Amino acid sequence: MCGIVGLHLKNPALQPELGRLLVPMIEAMTSRGPDSAGLALYDDEGMHVVKDVGLPRDICAAHGIASRSGYQAVGHTRMATESAITPEHAHPFTPVPDLALVHNGSFSNHASVRRNLAFDGITCTTDNDSEVAARFIGREIAGGADLEDAMRMVLKEFDGFFTLLVTTATQFAVLRDSFACKPAVIAETADYVAMASEYHALAELPGIADARIVEPEPERVYAWSR
Amino acid sequence: MIDPTQAGLRESATFDRATIASIQRAAETGVYDIRGWGAKRAVPHFDDLLLLGASMSRYPLEGYRERCDTDVVLGDRHASNPLHLDIPITIAGMSFGALSAQAKEALGRGATEVGTSTTTGDGGMTPEERGQSKNLVYQYLPSRYGMNPDDLRSADAIEIVLGQGAKPGGGGMLLGQKISDRVAGMRTLPAGIDQRSACRHPDWTGPDDLTIKILELREITDWQKPIYVKVGATRTYYDVKLAVAAGADVVVVDGMQGGTAATQEVFIEHVGIPTLAAIPQAVQALAELGLHRKVQLIVSGGIRTGADVAKAMALGADAVAIGTAALIALGDNHPRYADEYAKIGSAPGFYDDYQDGRDPAGITTQDPDLAKRLDPVEGGRRVANYLRVLTLEAQTLARACGKAHLRNLEPEDLVALTIEAAAMARVPLAGTSWIPGQNF
Chain A
1 MCGIVGLHLK NPALQPELGR LLVPMIEAMT SRGPDSAGLA LYDDEGMHVV
51 KDVGLPRDIC AAHGIASRSG YQAVGHTRMA TESAITPEHA HPFTPVPDLA
101 LVHNGSFSNH ASVRRNLAFD GITCTTDNDS EVAARFIGRE IAGGADLEDA
151 MRMVLKEFDG FFTLLVTTAT QFAVLRDSFA CKPAVIAETA DYVAMASEYH
201 ALAELPGIAD ARIVEPEPER VYAWSR
Chain B
1001 MIDPTQAGLR ESATFDRATI ASIQRAAETG VYDIRGWGAK RAVPHFDDLL
1051 LLGASMSRYP LEGYRERCDT DVVLGDRHAS NPLHLDIPIT IAGMSFGALS
1101 AQAKEALGRG ATEVGTSTTT GDGGMTPEER GQSKNLVYQY LPSRYGMNPD
1151 DLRSADAIEI VLGQGAKPGG GGMLLGQKIS DRVAGMRTLP AGIDQRSACR
1201 HPDWTGPDDL TIKILELREI TDWQKPIYVK VGATRTYYDV KLAVAAGADV
1251 VVVDGMQGGT AATQEVFIEH VGIPTLAAIP QAVQALAELG LHRKVQLIVS
1301 GGIRTGADVA KAMALGADAV AIGTAALIAL GDNHPRYADE YAKIGSAPGF
1351 YDDYQDGRDP AGITTQDPDL AKRLDPVEGG RRVANYLRVL TLEAQTLARA
1401 CGKAHLRNLE PEDLVALTIE AAAMARVPLA GTSWIPGQNF
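Protein chains in written order, with our numbering: chain A, 1 to 226; chain B, 1001 to 1440.
Simulated from the structure, these hints should not be mistaken for lab results. Be aware that one or more of the hints could be misleading.
What the hints assert, rightly or not - In silico DSBU-like pairs for lysine-lysine, Cα to Cα no more than 35 Å straight-line:
1) Lys1134/B <-> Lys1372/B
2) Lys1343/B <-> Lys1134/B
3) Lys156/A <-> Lys1134/B
4) Lys1343/B <-> Lys1372/B
5) Lys156/A <-> Lys1294/B
Since this is a predicted model, take the numbers as computed values, not measurements.
Just chain A, same shape as in the assembly:
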């Protein structure tokens, strides 16, 4: 009910191509999430977030995504489940500076985690379950945790189904729940790490035929740093 994509460039020569490589990836996820879409792109000036309702193609065109450069990006196409279709409910969720989270799945105990966060003074602005996970990870990172450790804490606190892709200014991390039933594929070459809900989102990337391709294992954090 959602599609997620991500691209982490290892080869600086590809940085001017970030947007051009990303657009076909997120467009390929249109059928998984036609309600709304969002992206977070990272360049030397920081993280730039675009979220809107509508089709990925239109959103990318309206915001000139294809011409953007940068070293890392995540994207999400949303099919809403239990919360409204608005730009605010679209992913990525970016609760603290430079942190972006995209999620495919549904948490089954997010109301309890939301209450625990509220007790600590951390308030969610939407009723979206994914925002709860973003704010949880944001709290852990703000408290000094490394992204990988914060992702492992998700395994302890959250129940339900999830494939998560979370980025910071320096890290790119993927995690699936213990059942690992929400799809995910990671492709890695010397030039990049790419992640998507389905392989066809990666099919147009350069050198994909020679990439090391893995389906992420359950409950294992896959992380890359720059």
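Chain A is already provided as a structure; the job is to place chain B on it using the hints.
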């Protein structure tokens, strides 16, 4: 004799047959009625709640392949040796005296077989019970009958009992016919004489004193044992806050449907609040302190099925305790004793005269001939079976709600069938977003 309903006679709802019989009995004897069991009147209960299983917006878990864990740790707030239980269903405190030694042993055997705890009661710890219980909670009661520091140290946890759902504000009773030489010896009381337990602890009168008492118990047990505080459900929000402030590791809340071995009928039916109404109060108190699921909440009073377990946990309990249901699993109220129940003026499904010691099933008696009817090994097997079924049922429902652990059930998984239950449980009336008393 005519059939009153066929003859078109109308029975009074106010003066129904049980009420008329109780007035007649009172007029004849001049004494109030004492009985066992818990509240028999209909009150809003877990049956008035429904779970929202997964459908499209959420995913269920597959029953036979995908895990749904059930373990729980009790008492890790301050105790160095908290209880690690495999299932969140414990056996509530019931005394040797109220129950036969065989029944106590059977409860211990059953609980141990499935990895949970059982609990002593007024009158102390029996060697049979200690020997067959891997996790034994030792009750510390107002009467102090049978209390000694050696047993305190040999227990796995200590439960300070302030009250009981069947009789909050009252003490227990044990009538003379159940005070055998052995029971009398353990309580240092004369045999055969009616005994009333105190309604309050003799050496403290409030939460300030309780703080000191808890520290004393921790010193005696070297800060190893979890310390529970058990209250009968009345002003539960305040009681839970005070129990936590006094230093409890675990709070036990017993609703008005919780059983007793012997209490005045008027007390059982008219004091306390339903379990359903107590849980949200307790959870609110813990949550406001930031200690929900850190100080564990055990809920008892009317737990019968895995649905009750799942719903209690969804409302915020960490575990539940069963008492009456465990006795039924042992054989209480079994139709096989129909003739014998008739001889003592009762019937299967109605028997509640736990106070009089003539239990045909050999459970609530000290009569050696009756007590030996209950084989502790077979009784233990039946209790273990029942606990397994409760667990499997709760897991079935939790999986349907997409939970890989029972503790991840939450109030948002529940709706209520009646306005009363919605208001008490603080969940919406089914099909609406209305929680009476909220959002005004």
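Evaluated hints:
1. A hinted pair counts as satisfied when its Cα atoms are at most 35 Å apart, and Lys1134/B with Lys1372/B qualifies at roughly 24 Å.
2. A C-alpha spacing of about 39 Å is found between Lys1343/B and Lys1134/B, which places the hinted pair above 35 Å, so the restraint is violated.
3. Distance hint between Lys156/A and Lys1134/B is fulfilled; the C-alpha atoms sit about 28 Å from each other, no more than 35 Å.
4. For a cut-off of 35 Å, the pair hint linking Lys1343/B to Lys1372/B stands: about 20 Å separates their Cα positions.
5. Under the criterion of a C-alpha separation no larger than 35 Å, the hint pairing Lys156/A with Lys1294/B is consistent with the structure, at around 15 Å.
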